[in-house]
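Participant: Read in our numbering, the sequence shown has 188 at position 188, and its numbers run on one by one without any break.
Derived from the structure by calculation, the hints contain no laboratory data.
One or more hints might be untrue.
Here are the computed lysine-lysine pairs in the DSSO-like style, where the Cα-Cα straight-line distance is at most 27 Å [claimed, not checked]: (1) K152 - K108; (2) K108 - K36; (3) K73 - K36; (4) K137 - K121; (5) K108 - K67; (6) K108 - K121; (7) K73 - K108; (8) K179 - K121; (9) K73 - K121; (10) K13 - K44; (11) K42 - K73; (12) K36 - K67; (13) K179 - K137; (14) K45 - K67; (15) K121 - K152; (16) K44 - K73.
Restraint ranges, calculated between C-beta atoms of paired labels, are given here [unchecked claim]: (17) D18 - Q189: 19 to 25 Å; (18) P168 - M1: 26 to 32 Å; (19) Q189 - S213: 44 to 50 Å.
The beta carbon of each residue, even a glycine, is placed where N, CA and C say it ideally should be.
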Amino acid sequence: MQTQTCFLLSYLKYGDNDAILHCFSLENGFHSFFAKGIYTAKNKKKPYLFPLNLLTITVSTIVAENKMSRISKIELAPNHYDFEEVTMNTILFFTADFLHQVLREEGKNQFLFNEIQILRKEISLQNYDAYLVFIFKFLQISGIAPMYENRKFLNPESGLFENEISHPFFTENISNMWKSFTNTVEGYQIRLNRTDRSSFLDSLMIYCRIHISGFYTPNSLAVIRQIFE
Numbered sequence: 001m002q003t004q005t006c007f008l009l010s011y012l013k014y015g016d017n018d019a020i021l022h023c024f025s026l027e028n029g030f031h032s033f034f035a036k037g038i039y040t041a042k043n044k045k046k047p048y049l050f051p052l053n054l055l056t057i058t059v060s061t062i063v064a065e066n067k068m069s070r071i072s073k074i075e076l077a078p079n080h081y082d083f084e085e086v087t088m089n090t091i092l093f094f095t096a097d098f099l100h101q102v103l104r105e106e107g108k109n110q111f112l113f114n115e116i117q118i119l120r121k122e123i124s125l126q127n128y129d130a131y132l133v134f135i136f137k138f139l140q141i142s143g144i145a146p147m148y149e150n151r152k153f154l155n156p157e158s159g160l161f162e163n164e165i166s167h168p169f170f171t172e173n174i175s176n177m178w179k180s181f182t183n184t185v186e187g188y189q190i191r192l193n194r195t196d197r198s199s200f201l202d203s204l205m206i207y208c209r210i211h212i213s214g215f216y217t218p219n220s221l222a223v224i225r226q227i228f229e
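Make a model of the complete structure from these sequences and hints.
Facilitator: Structure (structure tokens):
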């Protein structure tokens, strides 16, 4: 038997009682699991299926080629805590939606796993800008974030700051927000007002579409907009 500690990114109901879980594992990176019978009336584990829940999943170590690992036991990880506030849950859902598409080819990455843990802690402290900081940190971890330069405008194509504007959305105000994130170690201390939060999120999505192959704006973006309006 093998036990993995995983963040749940998404799940898909399979048939009447089963589900396929897509997770980011501390031990193996992106991994999919088959949860048999999790939707049966007697199974009390269905509430565990919420995006970015931290789970301890036990599977058989022997898996046939091209077969999905089958879960024999699933529990909430130690020191796990639930989020009951709507805004927190919306942020978790959007972040999990984002990670589900950008981590599909990601192997073991303890640094990124730890960053997700930090994100959850910040959300628990009602830091509603935390998901923006996290996405920026993901760009840094991936090696595609811009480096700080004392020039007015960020060019999203080159990832460089320049003296002339190159993209109509990356105004001096937006570029200054990017500078703030590139010029700080502890980005979670940064706070944005409602207008800047929305604009910075849009700029992050533009930057991701340019620099991450196949990236598309998560469908849950519309929900998170409604929450903060």
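Participant: Each of the hints needs a verdict: does it hold here or not?
Facilitator: Now for the hints, and whether the structure bears them out:
Using a Cα cut-off of 27 Å, the hinted pair K152 and K108 is violated, with the two alpha carbons roughly 37 Å apart. Our distance criterion of 27 Å between C-alpha atoms is met by K108 and K36, whose separation comes to about 25 Å. Taken as a hint, the K73 and K36 pair is honoured in the structure, with Cα atoms around 10 Å apart against an allowance of 27 Å. With a C-alpha separation of about 15 Å, the suggested pairing of K137 with K121 holds against the 27 Å cut-off.
Only pairs whose Cα atoms come within 27 Å are accepted, and K108 paired with K67 is accepted, the gap being roughly 20 Å. The suggested pairing of K108 with K121 holds, with an alpha-carbon distance near 21 Å, which does not exceed 27 Å. For the suggested pair K73 and K108, the alpha carbons sit about 22 Å apart, so the restraint of at most 27 Å is met. Simply put, K179 and K121 have alpha-carbon atoms about 25 Å apart, close enough for the 27 Å limit, and the pair holds.
Straight-line distance between C-alpha atoms of K73 and K121 comes to about 26 Å, which keeps the hinted pair within the 27 Å bound. Restraint check for K13 and K44: satisfied, since their Cα atoms lie roughly 16 Å apart, inside the 27 Å limit. Of the pairs offered as hints, the one joining K42 and K73 holds, with about 15 Å between alpha carbons and a cut-off of 27 Å not exceeded. Of the pairs offered as hints, the one joining K36 and K67 holds, with about 14 Å between alpha carbons and a cut-off of 27 Å not exceeded.
Proximity of K179 to K137 is assessed by CA-CA distance (about 13 Å); at most 27 Å being required, the pair is judged to hold. Proximity of K45 to K67 is assessed by CA-CA distance (about 23 Å); at most 27 Å being required, the pair is judged to hold. Our distance criterion of 27 Å between C-alpha atoms is broken by K121 and K152, whose separation comes to about 34 Å. Taking the CA atoms of K44 and K73, the gap is about 12 Å. The hint holds against a cut of 27 Å.
Hint check: D18 to Q189, Cβ distance near 43 Å, so the stated range 19 to 25 Å is violated. Hint check: P168 to M1, Cβ distance near 55 Å, so the stated range 26 to 32 Å is violated. Here the CB-CB span from Q189 to S213 is close to 32 Å, at odds with the stated 44 to 50 Å.
Hints 1, 15, 17, 18 and 19, counting from the list given before, are not met by this structure.
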